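Chemist: Residue-level listing of the chains:
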Amino acid sequence: MDVLFLGDITDNMTQEELITSLKKIVKPYIQDEEAFENLSEETDFINDLKINSANLVDVILDVEDEFDIEIDNDSMEKMLSVKAAIEIIETKLAAS
Amino acid sequence: MIGNDIIDLSLAKTQSNWQRKGFLEKQFTLKEQKNIQESENPFEMVWRLWSMKEAAYKIVVQQQQRRFFAPQKFECEIISETEGKVILENQIFDTVTTTSRKYIYTSINKSEYQKVWKEESINKEAMLLWIEKTLEISSAKIKKNAYGVPNIYNKSRRISESCTITHHGDYSGIKFTLT
Chain A
45 MDVLFLGDIT DNMTQEELIT SLKKIVKPYI QDEEAFENLS EETDFINDLK
95 INSANLVDVI LDVEDEFDIE IDNDSMEKML SVKAAIEIIE TKLAAS
Chain B
4 MIGNDIIDLS LAKTQSNWQR KGFLEKQFTL KEQKNIQESE NPFEMVWRLW
54 SMKEAAYKIV VQQQQRRFFA PQKFECEIIS ETEGKVILEN QIFDTVTTTS
104 RKYIYTSINK SEYQKVWKEE SINKEAMLLW IEKTLEISSA KIKKNAYGVP
154 NIYNKSRRIS ESCTITHHGD YSGIKFTLT
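Residue numbers (the working numbering), protein chains in the order written: chain A, 45 to 140; chain B, 4 to 182.
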């Protein structure tokens with residue numbers, strides 16, 4: 045029951061809710077406060093937020109935990125921006 | 004083309020938890036994970052392998068002019084204390100890694116100009132100053148293209164053939180070849 049209910053929420057998650065939840069995930073790893081405050085779909089994890097590449101792995105693991113999805117290597121390869129991350133999360137959620 | 008990567012070990016200790024579930028599996032091949040497990044100093048081996056992958060990635064970005072995040076595709080081989088190889092598809096990169104108690108530095112391919120700054124938070128201005136002094140030029144600039152690839156310019160003319168810059172915590176390094 046609980047699982048079904050949770051699934052329902054994530055299915056209907058709006059873009060905005062996804063960004064909010066992603067913002068919470070990346071927060072511990074960012075090194076540019078200003079870019080973080082202005083985070084949008086166009087924000088790049090490395091160029092804008094200055095997340096170091098080893099911490100990008102943490103972002104990916106945190107996304108997997110938060111949304112209960114698995115990010116395969118092909119998806120991981122593209123996960124360099126908020127936009128790409130949202131697309132990947134949405135695709136994985138739709139398939140789950 | 005050339006590549007480099009530096010790791011500030013004390014920062015790596017606080018910034019990443021390599022023992023976190025999934026951390027090794029996401030970025031290292033089974034063989035590399037075995038290298039880490041069997042190493043006398045697994046922490047150091049994690050970051051040595053990581054710096055080898057990063058240094059090779061910096062060359063591949065210059066070649067392909069695209070960004071991607073696929074650490075597992077860069078397969079590392081440890082040859083000796085300092086030497087290694089990184090294999091990506093049909094390319095082999097020979098790596099030289101310096102490991103000290105405080106930092107790990109990996110370099111691929113020789114270049115005429117190379118400098119590593121240790122235990123000081125070097126800023127861009129200081130790096131430019133060093134370039135100007137070394138090349139005896141007056142207005143050096145470093146510009147990065149859309150893929151984050153840096154190049155050195157003098158009076159808006161590009162003078163580096165290949166350039167690679169690395170920075171982590173209190174450690175920085177630059178290498179470049181001239182056109």
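No wet-lab data here; the hints were simulated from the structure. One or more of the hints may lead you astray.
Said to hold, decoys possible - Straight-line C-alpha distance at most 30 Å; calculated DSS-like pairs for lysine-lysine: (1) Lys-29(B) with Lys-94(A); (2) Lys-24(B) with Lys-94(A); (3) Lys-76(B) with Lys-16(B); (4) Lys-67(A) with Lys-136(B); (5) Lys-71(A) with Lys-94(A); (6) Lys-88(B) with Lys-105(B); (7) Lys-146(B) with Lys-122(A); (8) Lys-136(B) with Lys-158(B).
Claimed, not checked - If you want a taste of the chain B side facing chain A, the calculated C-beta under 7 Å gives, among others: (9) Lys-16; (10) Ser-19; (11) Pro-153.
All of these numbers come straight from a predicted model, not from anything done at the bench. Beta carbons: idealized from backbone N, C-alpha and C, even for Gly.
Chemist: Against the 30 Å threshold, does the CA-CA distance of Lys-29(B) and Lys-94(A) hold or violate the hint?
Modeler: Distance of about 21 Å is within 30 Å: holds.
Chemist: Has the given pair, Lys-24(B) with Lys-94(A), been kept, meaning a C-alpha gap of at most 30 Å?
Modeler: Distance of about 24 Å is within 30 Å: holds.
Chemist: Does the structure keep Lys-88(B) and Lys-105(B) at a Cα separation of 30 Å or less?
Modeler: It holds: about 23 Å lies between the C-alpha atoms, which stays within 30 Å.
Chemist: Is the hinted pair Lys-76(B) and Lys-16(B) satisfied, with a Cα-Cα distance of at most 30 Å?
Modeler: Between Lys-76(B) and Lys-16(B) the Cα gap is close to 25 Å, so the pair holds against 30 Å.
Chemist: Quick one, is the Pro-153(B) hint okay against chain A at 7 Å, beta carbons?
Modeler: violated, 13 Å
Chemist: Check whether the Cα positions of Lys-67(A) and Lys-136(B) lie no farther apart than 30 Å.
Modeler: At roughly 43 Å apart (the allowed maximum being 30 Å), Lys-136(B) and Lys-67(A) break the hint.
Chemist: Next pair to validate is Lys-136(B) with Lys-158(B); report whether the Cα-Cα distance is within 30 Å.
Modeler: holds, 15 Å
Chemist: Can we keep the Ser-19(B) interface hint, with Cβ of chain A closer than 7 Å?
Modeler: holds, 5 Å
Chemist: Quick check on the hint: Lys-16(B) CB to chain A CB, less than 7 Å?
Modeler: violated, 12 Å
Chemist: Is Lys-71(A) within 30 Å of Lys-94(A), Cα to Cα?
Modeler: holds, 11 Å
Chemist: Would the hint linking Lys-146(B) and Lys-122(A) be met if the CA-CA limit is 30 Å?
Modeler: Distance ~24 Å between Lys-146(B) and Lys-122(A) Cα, so the pair holds.
Hint check: violations occur at hints 4, 9 and 11; the rest are consistent with the structure.
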